[in-house]
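Asks: Listed here are the chains, written in short residue letters.
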Amino acid sequence: MLDQALSALLLQAGWNATLVALGAALLGAAAGGAGAFIFLRKRALVSDAVAHATLPGVALAFIVMVALGGDGRSLAGLLAGAAGSAWLGLLAVDRLTRRTRLPEDAAIGAVLSVFFGAGVVLLTVIQTMTAGRQAGLESFLLGATAGMLLEDAVVIALGAAGCALAVVLLRRPMTLVAFDPGFAASTGVNVARMDLAMMGLVMAVTVVGLKIVGLILIVALLIVPPVAARFWTERTDRLVAIAAGIGAVSGWVGAAISAAAPDLPTGAVIVMVAFALFLAGLLLSPARGVLAAVLRRRRFARRVHRRQGLLALAHDEPILEPLTRRLLRREGLLRADGVPTEGGRAEAAKARLDEARWAAMRARRDDAEAARYDGLTPIETVLAPDEIAELDRRLGPRAPEGA
Amino acid sequence: MGAGFVQLSLPPILIGVFAAVACALPGNFLLLRRQALIGDAISHVVLPGIVVAFLATGSISTWPMLLGAAGAAVVAVVMIEAIRRLGRIESGAAMGVIFTAMFAGGVLLLEQAGASGVHLDVEHALYGNLESLIWFDATGWGSLLDPAALAGLPPELPRMAGATALIALATRLFWRPLTLATFDEGFARSVGVPAGAVGFGLVVAAAVAAVAAFDAVGSIIVIAMFICPPAAARLMTDRLTAQVWWSVGFAVVSAVLGYVLAGYGPLWLGSRHAVSAAGMIAVVSGLILALAAGFGPRRKRAGENLTAA
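Sequences listed follow chains A and B, in order.
The working numbering numbers the first residue of the first sequence as 1 and each following residue consecutively.
The working numbering numbers the first residue of the second sequence as 1 and each following residue consecutively.
Bear in mind the hints are in silico, worked out from the structure with no lab data behind them.
A virtual CB, placed ideally from N, CA and C, is assigned to each residue, including glycine.
Be careful, since some hints might not be right.
[Unchecked claim] To spell it out: a stretch of chain B is covered by chain A in this simulated footprint if at least three of its residues, at any positions, have a beta carbon under 8 angstroms from a beta carbon of chain A; those stretches are:
1. 199 to 212
2. 278 to 288
[To be verified] Computed beta-carbon distance windows for the label pairs:
3. Val168/A - Arg189/B: 21 to 31 angstroms
4. Ser91/B - Arg297/A: 49 to 59 angstroms
5. Ala389/A - Arg88/B: 18 to 28 angstroms
6. Val64/A - Ser59/B: 54 to 64 angstroms
7. Ser91/B - Asp386/A: 29 to 39 angstroms
8. Val168/A - Tyr264/B: 47 to 57 angstroms
9. Ala301/A - Pro155/B: 50 to 60 angstroms
10. Lys300/B - Val64/A: 50 to 60 angstroms
11. Gly192/B - Asp386/A: 49 to 59 angstroms
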């Protein structure tokens, strides 16, 4: 099983699996990029309505194709139906939001559930039509790559490549609109048209992803990569690129795992890979990660303990707190019996002088520099040497405790 | 309208009505608080909880599944909050990450469970099995007064009725704090209403409704009933009391009409097979919303002129 996954990962598992893996990676990249735009535009959940709205279109296309004498399984035909009803769903969200007092989230939820319900009704109609024969439309719910026809794989790979190309071509105006619509309009970008293109791109990704990821979980491929990318950068252009990368890796690895375990729904596997990458960012990101936050907090706590310990030494008070003792001993400032060493005495005197200078300065001033007092920042990093000399003159010769 | 109706259609219709009302009641407040999609999120995240409960107990029994679902809902709420705070991510996106990931996890677990050959699948979780909730012991309307026959009611019916009664009672009891905290949180706090606790309680009520309804009717109805009846009601009136009553009415009409259309509609059209009742109930609620959006007397935002638009 591991061998199979590995060979699919390295594109050695045959022409079909290679095409599916490439298609999934391209789809992931396009979804990550397009998702980054709607994430920045704060409309991530609109894509959920679009995705669920594809179901009645798929079912209707199947019924129409069967009625016309085909076997109803042409992927291109089904995807065309999906695009049609997704467009209607998008229109319905837009209408409800603009023409009535309902907020956008309510419109999204209403369209999502009603269109999906209509799709389920049509699916039961299809079950009675085919009378025992499996139409296989259920695979559009959660995605399936097992036993995919070559022509289907080609359709998906080409569609995904088209979406990825559109993301590359439209990245500048879309980033601009997503980040600051007002500024974008002032530079001559047609914001309404860009919004429409953005939603069109989301729709295209959704429709192409139906067969691989499935309509229930495709929204994850649009939402998770941008949120995961947000941990690694503060810049929009990089956000789009990183999100596309995370999406591509999720699609690639997910498709490979699914090639080795054909019973698992491909969509769920791909989403779990994306979620694992998200968790990695949440834990390990240097700026916003949990680990970094814990380390920062620990470092801060140690600095406070060290400083308070030194001040206690300066005032000849015993140090009872175990962490403080341990920290000072490790630095060689304190002996095992709690008596300061030579170096410890020097550091303590320095801390006391610093504290006294700060007190003298804060007694006189009430400005931004004085507000930087936190009991940790050495005053040398805030004031110039001549200002410190002036403070020392006020404190009097060799009498820091006078303040 | 004889024995066959009481046996085959009455229990599913009643369960559908109770489920619809139980979801529509908290839905009103969620809608006004801009949290309409919480119902959607909850109905996704309960899947792993139910599957874990199933894997742990090895059987499809009610109480472990309800507990598992409730546990999953709590885990989801905590994780969404953690991501929002730790990663400084906007709440809609945080919700999207968690509910899709948990649903995907549930689907994968389900495949493991499916290997053991027990009937529990994704389609069941989505569409429910409303049509199969049949009252075998009923022989006619008289069975409603017959204790022996009543004992044979599908267990989903009393459970759903109980959950609905509980939620209706809670809505009545906490009406004042709920309204205050929904419309003006700052004012609510200043007169001593614990707005945070009220918001949390509302989410818990929504979770109870979703979990109870989920098992009987599937998640489509849950999501549709959380949103469509309250949204349609919102377009009918400006007063909250009236809105809640409208939404209950819409929910009941959707459930009854949806079930009847699904069960009997195809017969009228000459087909022998019924279609999905859960899907049809959602569709009817959507049609009601569409009518309200087109003709509801209060469909515009305050200040917009109805005739000019």
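Asks: Against each hint, give a clear statement of whether it holds in the structure.
Replies: Now for the hints, and whether the structure bears them out:
no., hint, verdict
1, 199 to 212, "violated (count 0)"
2, 278 to 288, "holds (count 8)"
3, Val168/A - Arg189/B: 21 to 31 angstroms, "50 angstroms, violated"
4, Ser91/B - Arg297/A: 49 to 59 angstroms, "24 angstroms, violated"
5, Ala389/A - Arg88/B: 18 to 28 angstroms, "43 angstroms, violated"
6, Val64/A - Ser59/B: 54 to 64 angstroms, "43 angstroms, violated"
7, Ser91/B - Asp386/A: 29 to 39 angstroms, "51 angstroms, violated"
8, Val168/A - Tyr264/B: 47 to 57 angstroms, "54 angstroms, holds"
9, Ala301/A - Pro155/B: 50 to 60 angstroms, "55 angstroms, holds"
10, Lys300/B - Val64/A: 50 to 60 angstroms, "38 angstroms, violated"
11, Gly192/B - Asp386/A: 49 to 59 angstroms, "57 angstroms, holds"
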